[in-house]
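**Q** Starting from the known structure of chain A, fit chains B, C, D, E and F onto it as the hints suggest.
In order, the protein sequences belong to chains A, B, C, D, E and F.
Residue numbering for the first sequence follows full-length UniProt numbering, starting at 1 and increasing by one per position.
Residue numbering for the second sequence follows full-length UniProt numbering, starting at 1 and increasing by one per position.
Residue numbering for the third sequence follows full-length UniProt numbering, starting at 1 and increasing by one per position.
Residue numbering for the fourth sequence follows full-length UniProt numbering, starting at 1 and increasing by one per position.
Residue numbering for the fifth sequence follows full-length UniProt numbering, starting at 1 and increasing by one per position.
Residue numbering for the sixth sequence follows full-length UniProt numbering, starting at 1 and increasing by one per position.
Just so you know, the hints here were simulated from the structure itself, not pulled from any lab data.
Some hints here could point you the wrong way.
Identical copies carry no separate label here, and so any pair may be met within one copy or between two of them.
[What the hints assert, rightly or not] 16 Å max Cα-Cα, derived EDC-like pairs, lysine to aspartate or glutamate:
(1) K204 with D220
(2) K144 with E218
(3) K194 with E214
(4) K152 with D103
(5) K204 with E218
(6) K59 with D23
(7) K121 with D103
(8) K59 with E113
(9) K152 with E78
(10) K204 with E214
(11) K152 with E113
(12) K100 with E78
There are 6 protein chains.
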Amino acid sequence: MMKISDHSDKQSTEVTRAPTGIDRLDEVLRGGIPVPSLVLLLGDVGTGKSVICQQFLYKQAQMGLYSVYLCIDHPPEEVRENMRSLGWNTEKLEEEGLLKFIDLFLGRGYDYEYICSTLEKYIKESNRFVVDSISSIAFIYGEKLAYDLIQKIQGWNREGRGVGIINAVRGMHSQSFEVALQQACSNVILLEMKENGRFLRVVKTTRTSHMTEEFGVEIDEAGIRLL
Amino acid sequence: MMKISDHSDKQSTEVTRAPTGIDRLDEVLRGGIPVPSLVLLLGDVGTGKSVICQQFLYKQAQMGLYSVYLCIDHPPEEVRENMRSLGWNTEKLEEEGLLKFIDLFLGRGYDYEYICSTLEKYIKESNRFVVDSISSIAFIYGEKLAYDLIQKIQGWNREGRGVGIINAVRGMHSQSFEVALQQACSNVILLEMKENGRFLRVVKTTRTSHMTEEFGVEIDEAGIRLL
Amino acid sequence: MMKISDHSDKQSTEVTRAPTGIDRLDEVLRGGIPVPSLVLLLGDVGTGKSVICQQFLYKQAQMGLYSVYLCIDHPPEEVRENMRSLGWNTEKLEEEGLLKFIDLFLGRGYDYEYICSTLEKYIKESNRFVVDSISSIAFIYGEKLAYDLIQKIQGWNREGRGVGIINAVRGMHSQSFEVALQQACSNVILLEMKENGRFLRVVKTTRTSHMTEEFGVEIDEAGIRLL
Amino acid sequence: MMKISDHSDKQSTEVTRAPTGIDRLDEVLRGGIPVPSLVLLLGDVGTGKSVICQQFLYKQAQMGLYSVYLCIDHPPEEVRENMRSLGWNTEKLEEEGLLKFIDLFLGRGYDYEYICSTLEKYIKESNRFVVDSISSIAFIYGEKLAYDLIQKIQGWNREGRGVGIINAVRGMHSQSFEVALQQACSNVILLEMKENGRFLRVVKTTRTSHMTEEFGVEIDEAGIRLL
Amino acid sequence: MMKISDHSDKQSTEVTRAPTGIDRLDEVLRGGIPVPSLVLLLGDVGTGKSVICQQFLYKQAQMGLYSVYLCIDHPPEEVRENMRSLGWNTEKLEEEGLLKFIDLFLGRGYDYEYICSTLEKYIKESNRFVVDSISSIAFIYGEKLAYDLIQKIQGWNREGRGVGIINAVRGMHSQSFEVALQQACSNVILLEMKENGRFLRVVKTTRTSHMTEEFGVEIDEAGIRLL
Amino acid sequence: MMKISDHSDKQSTEVTRAPTGIDRLDEVLRGGIPVPSLVLLLGDVGTGKSVICQQFLYKQAQMGLYSVYLCIDHPPEEVRENMRSLGWNTEKLEEEGLLKFIDLFLGRGYDYEYICSTLEKYIKESNRFVVDSISSIAFIYGEKLAYDLIQKIQGWNREGRGVGIINAVRGMHSQSFEVALQQACSNVILLEMKENGRFLRVVKTTRTSHMTEEFGVEIDEAGIRLL
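So that you can see chain A by itself, here it is in the shape it has in the complex (with noise of 0.2 Å):
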């Protein structure tokens, strides 16, 4: 599969982007993720993280993206089976090498190098990726490590140029680790698991403007849409 480069000429001043596969959060972006950016994902548990990357991936593949999933808390067969869930078949997807399910699932005990340079080959080399999650990693490894791996990857993604979600659980870390991750990444949306439902709110863009209202969320047999 060979990258495609989408990004404009450098000097110019408009600012491409990449469509998230919801509309309406789309239009809370003013028209999709600027091109290149690292995007933090970070929400409660049960919110539909996982789901709003898959949603995202596979709208970019189909776009004819070279789109990876890198997979460390859950295995590529278990994202694949809840994508099937949704209605998002990837068989098809995965042959013409335009989506790809890299297994990094920390079950499995791979070591810490394995993994980063795994990162660093997918991340160059693709125009889409998600990092599931960064969470675990810290987890296991410890945050500064992390914080570290999240700054290597900052770097990697400026390289390739490409647009990458980073997924994290909130609460699973410190504070401090929680807003560290908020200052590495250039793009920020909270997702947030209320007495009274799920929500979303964009609460840091760069070289965008963006709205800065609270989203309800519904998460159904078609994906993840805005209220």
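**A** Below, chains B, C, D, E and F alone, put in the same frame as chain A:
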């Protein structure tokens, strides 16, 4: 005892489900626990976590599925006694090899390697299993090692394609670890002790929807019932 | 002193019970403490934890059961003095070998191995015992070791099939350890100091039901009474 | 100076009591501090803990009892100066050997072994003693070592059968350690600084009852008075 | 590029001031930042800290002062891109040597010694500098080392007699470290994200007075403005 | 410069007092700071702690007492500049040897032993001294070492029989350490930053009474004034 293959063809979109042994809870879960699954049962002291595990395993063994109770916090003879006091005589099921109580009681001083390899063996070979509890392992061996173990259990269960319940005690860990447990398990049931009684809530499911309300819990001589 | 076998046949479903020495508390427990059992007595400073232990053991020794007070926080002579000031003369019971005070007072500088082996010996050979307290052991040797010890005590008592009370001081540990203690013991009684007096509540029992209300506690020259 | 044996026959049920030097406090304690006893004086900065200790020791020395002030936080000359400024001239009592100020001031750089052996010597040989304070020892040497020391002090005082006051600063330790101190000492007096003044409350006694109300505290040129 | 000596004679009592590039903020500071000075800019994620730094440095370089941006959290090319998107073309100023972007981006894996010596060189030789940010250094290398570095930066700037802004992320550190940063810097500006927008407040100045009110902050295509 | 013996005969009951340089504060202290004394000045960032120290030392030097400013957080030249900006020209006093600024600025990288021996020398030989601040030492070298140092300073000052002010930053330490500092110093003055301004309160004195009210604080070109 031979393992029974109770899951349907991988390509099917229909999700096979295991009844919990508690009728109302099956309704809350829209028909039972999806197979395969790892369920986290996270609850306050005295809310009946172990009784739910026992009721589930007794039911599954009666249905002819090979069921294993991995006894970590209390010795097997105590679990058996408690089940008998609830009217669940395990003798016949044990003789038929449908129900096993494996002694990993920490008061024996087993080493960590033995605990891990025993868990691996029974999680892979059984149809249904209970780990009671992950909390003592986290307390003694540390939360990082316990999180690593949960990831491994996830992987072993993935191979075994069965249904397992992981018991965890709310308040016995850092907040971070309790969130981490919820991140690692595809299904999460919460049990809370409040002023006016015990309450159950399903917090997270995968490949199924669920009711999000809170239900009162009653424990009597016939086991657990939802109100 | 020979140990008396006061528990009934293993196959019987009827639960044998040990009176606590406090009539109203026996009613709260629906007839006393199930035999065998480990009871956690978790209470604030100054709520009468030690008096309950002394009253229980004095009562049991008078009933002819071999009873041992494992003195960790205060030396035996101080426990005896306190019991005498409450009108419980221990001399005769000590002479008959029905009541023993074992000196494990931490101020003596005993090493940890000696403490463990002494606990093991008396927990296994006695009918009734009191560990007063686990809190000092946790404070000096760390909460992990203390939790490991509680698991061992559980196992030793399982072999001894007697009734033991573990004294623990609320607020002297991490919240996690206080929950861990409650997880390890099959019965938990909580003693709280409030603005308007001392209060007792049974939090957890196994193989019996219990009243869940809170009761006022009064200590006078005749010991503890529930209001 | 020879130690005076001021406690009655071990078999007597009557409790001998030492006056605190503060009339109203003796009433609160139903006649003074039981002999032998360890009293924890736990109080906020600036509530007069040291003044209470000095008043108590001055009174006891005047009654002819061998009294020792173990000076840890401030050098003896400073304690003497403070007592003189309150009108308590210690010279004559010091000459008669009834009052001693022992220099264990941490600013001198004494090693821990010397501190322990000196405490042991004077606690065993004196009738009355003050340790001012345990807090600095806990801060410098750690709370575990300080708790171990408190247990040893308890044992030494048991042998000495005297009355000792341990001074501790509220808020200078972990909550756990402050509870641990209260667990180790048979009597606990709390001093609080509030918006509207200083207040004293007896929290715990052994072998005696006590008033549980809170009393205002006034310090003037004649020392401490309860309101 | 030669350093310009923009401070007046040491004996003069008149304080030279550097404009911030934000007119209203200069009024709040009674005319700008006193020269020499270290300014701490402590703010929540997404409040525009980096934009203030960029605006300040762009303004100073335009005034002909040798200005250096020390890029730690993000690579120089990203800072340049962000400035360009705000209409600040840095090319000409860079060519003239008035503006430099120094690459200390942590994602490159620079070692600590290199970071320190580079900071020293440019802080001493420049007229104006920005350290963006101290927070990542504290997170990766620890807060003690970072505090030590801040003290050294203070000393280097003292020699250089210039004006430097230190960027720090609120909530990414212990409370103690955030106070320590404020203690070390002679001027402190706080940026808060609230429900109803972003707010700026000057917390501390030295050798000048300042307005103590809170001001609304607006970021648009022309940079930061105070309301 | 020879040290002046400004304290009266040891046997006198009259307490000699040093004026603070702030008239209203001397009234609050019933005539000034008792000699000898260690005063803790604990205050929030930006409440004027250093200005109080400078005002005190300037006043004392003008009265002919040998006064030393031990500069830890900021270099001497910065302290001098700040004093000059408040109209206090230190040149003449420095020439006469009445006022010294000792460079212990942590940004220089002095080692701990040098800091200690320098503090010892000047605390013993001076009449008046300021340590500005203990907080940076605690932050870099740890709170235990800093508490040990405070105890030593207490001892050195005891020998020197002078008056010293220890500056400490509220919120820059553990709560325990802030209480420990108050325990070690015989006098404590608290400075708080509130919504509506700065406030001063005397918390603790020894060998003198004091007003307990809170006073507003104003800093202008003439230094600190109480309202």
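**Q** The structure should be examined with respect to each hint, and the outcome stated for every one.
**A** Hints versus structure:
1. In this homomeric assembly, K204 and D220 come within 16 Å of each other (Cα to Cα) only across copies, at 14 Å, whereas the closest approach inside a single copy is 27 Å.
2. Taking CA atoms no more than 16 Å apart as the test, K144 paired with E218 passes in neither setting, with 34 Å inside one copy and 33 Å between copies.
3. For the homomeric pair K194 and E214, the shortest alpha-carbon distances inside one copy (12 Å) and between copies (14 Å) are both at most 16 Å.
4. Proximity of K152 to D103 under the C-alpha cut-off of 16 Å is restricted to the inter-copy arrangement: shortest distance 14 Å between copies versus 20 Å within a copy.
5. In the homo-oligomer, the alpha carbons of K204 and E218 lie at most 16 Å apart only across protomers (14 Å), although the nearest pairing inside one protomer, at 22 Å, exceeds that limit.
6. Proximity of K59 to D23 under the C-alpha cut-off of 16 Å is restricted to the intra-copy arrangement: shortest distance 11 Å within a copy versus 40 Å between copies.
7. In the homo-oligomer, the alpha carbons of K121 and D103 lie at most 16 Å apart inside one protomer (13 Å), although the nearest pairing across protomers, at 23 Å, exceeds that limit.
8. For a Cα distance limit of 16 Å, the shortest separation of K59 from E113 qualifies neither inside one copy, at 31 Å, nor across copies, at 44 Å.
9. Only between protomers do K152 and E78 lie at most 16 Å apart by alpha-carbon distance; the minimum there is 14 Å, versus 27 Å within a single protomer.
10. In the homo-oligomer, the alpha carbons of K204 and E214 lie at most 16 Å apart inside one protomer (13 Å), although the nearest pairing across protomers, at 22 Å, exceeds that limit.
11. For a Cα distance limit of 16 Å, the shortest separation of K152 from E113 inside one copy, 13 Å, qualifies, whereas the shortest one across copies, 19 Å, does not.
12. In the homo-oligomer, the alpha carbons of K100 and E78 lie at most 16 Å apart inside one protomer (14 Å), although the nearest pairing across protomers, at 28 Å, exceeds that limit.
This entry does not satisfy hints 2 and 8, going by the numbered hints stated previously.
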